[in-house]
Amino acid sequence: MTAKDNSNSKPERFGEIDSLRGLALMMMILFHFVYDLSYFGIADINVSSGFWKDFAYATAFLFVFIAGISVWISRKRSEIQQEGKLHAGDNKQIQNNGKNPEKEAYNEKSAGKLNRNNKIISFFREPLNIKFFKRGLFIYSLGILITVATYLAIGRGFIIFGILHLIGLSIILSPLFFGLKKYLPLISAAIIISGFFVQHISGPYFLLFSGIHPADFVSVDYEPLLPWFGFYLLGMYAGSVLYPNGKRIFEIKERLNLNFLIIPGRNTLPIYLIHQPVIILILSLLSGKMLI
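1 is the number of the first residue of the sequence shown in the working numbering; add one for each residue after it.
Since the hints were derived computationally from the structure, they do not count as laboratory data. Where hints are given, some of them may not hold.
[Stated by the list, open to error] Listed below are the simulated DSS-like cross-link pairs for lysine-lysine, each with C-alpha atoms no more than 25 Å apart in a straight line: (1) LYS181 / LYS76; (2) LYS247 / LYS182; (3) LYS289 / LYS131; (4) LYS181 / LYS253; (5) LYS289 / LYS247; (6) LYS182 / LYS253; (7) LYS247 / LYS181; (8) LYS253 / LYS131; (9) LYS289 / LYS134; (10) LYS131 / LYS182; (11) LYS131 / LYS53; (12) LYS76 / LYS289.
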């Protein structure tokens, strides 16, 4: 199920991950279609409890868990690539009096020769950490666009901290946990359990990201850090076990053609951004009236 790499510059794709991501995407589209049928009064379907509520939770879990696996793979590949560049710098030692400044700085940091303050500064200046900060910020900014769009479209119940906000912030926070591999299951469990407690705590809107919210808060999509960041960290741990160096440690034999999942799984973000307007347009045409 692994997509073959025809170029050394392109990282290997794992078909099983793309398939699961594509499955999560199909589940999300199905749920949102059913949700819109209920929301716009086209069909009498209860999506706030029972099967469809559990279906929505399963979909969100799959998205978040896969995001955790993917960020681990991306991190390990980036580390290997960076290490390769540092070793490549050895070939330029003559121009630097026999020294490789980048490698020396890297080794110095690894050996713990920097004081605590410098280590903190170095952490935030680390190119790999900056890379994930930028990526997470981009995803989070798309979440902000969803916030604005849903506010203009539906008003009350608009999305303030949904799945994109969660994944974006999780990616930003992930560098803090890459070095805690063996503790990730325990940390994940603590965060997930905490989530079940904080959901019953009322608080101001600025704590929405944590799971604490006003008593009258409603939203069509809400995935706070507690407990959802715990599932993201579980994904990171699964990635560390199944893809420890950015490569899978198990073999998969292709028995089914899963391109119908793999292809959308590799284009999740654009499909996510356009699927709701498309669903609403289709329902508007079928119902003979503009729903928004």
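Going down the list of hints, with the structure as the test:
Between LYS181 and LYS76, the direct Cα distance comes to roughly 12 Å. Compliance with the 25 Å bound is thereby established for this hinted pair. Between LYS247 and LYS182 the alpha-carbon distance is near 19 Å, which keeps this suggested pair within the 25 Å criterion. Between LYS289 and LYS131 the CA atoms are separated by roughly 46 Å; this puts the pair beyond 25 Å, and the hint is violated. The suggested pairing of LYS181 with LYS253 is violated, with an alpha-carbon distance near 29 Å, which exceeds 25 Å.
Simply put, LYS289 and LYS247 have alpha-carbon atoms about 51 Å apart, too far for the 25 Å limit, and the pair is violated. Distance check on the hinted pair: LYS182 and LYS253 sit about 30 Å apart at the alpha-carbon level, beyond 25 Å; violated. Proposed proximity of LYS247 and LYS181 is supported: the alpha carbons are some 17 Å apart, at most 25 Å. A distance of roughly 34 Å separates the Cα atoms of LYS253 and LYS131; the hinted pair therefore is violated under the 25 Å criterion.
For a cut-off of 25 Å, the pair hint linking LYS289 to LYS134 is broken: about 41 Å separates their Cα positions. With a C-alpha separation of about 24 Å, the suggested pairing of LYS131 with LYS182 holds against the 25 Å cut-off. Pair hint LYS131 plus LYS53 does not hold up; C-alpha atoms about 35 Å apart against a cutoff of 25 Å. At roughly 51 Å between alpha-carbon atoms, LYS76 and LYS289 are farther apart than 25 Å, so this suggested pair is violated.
Checked against the numbered hints listed earlier, the structure breaks hints 3, 4, 5, 6, 8, 9, 11 and 12; every other hint is satisfied.
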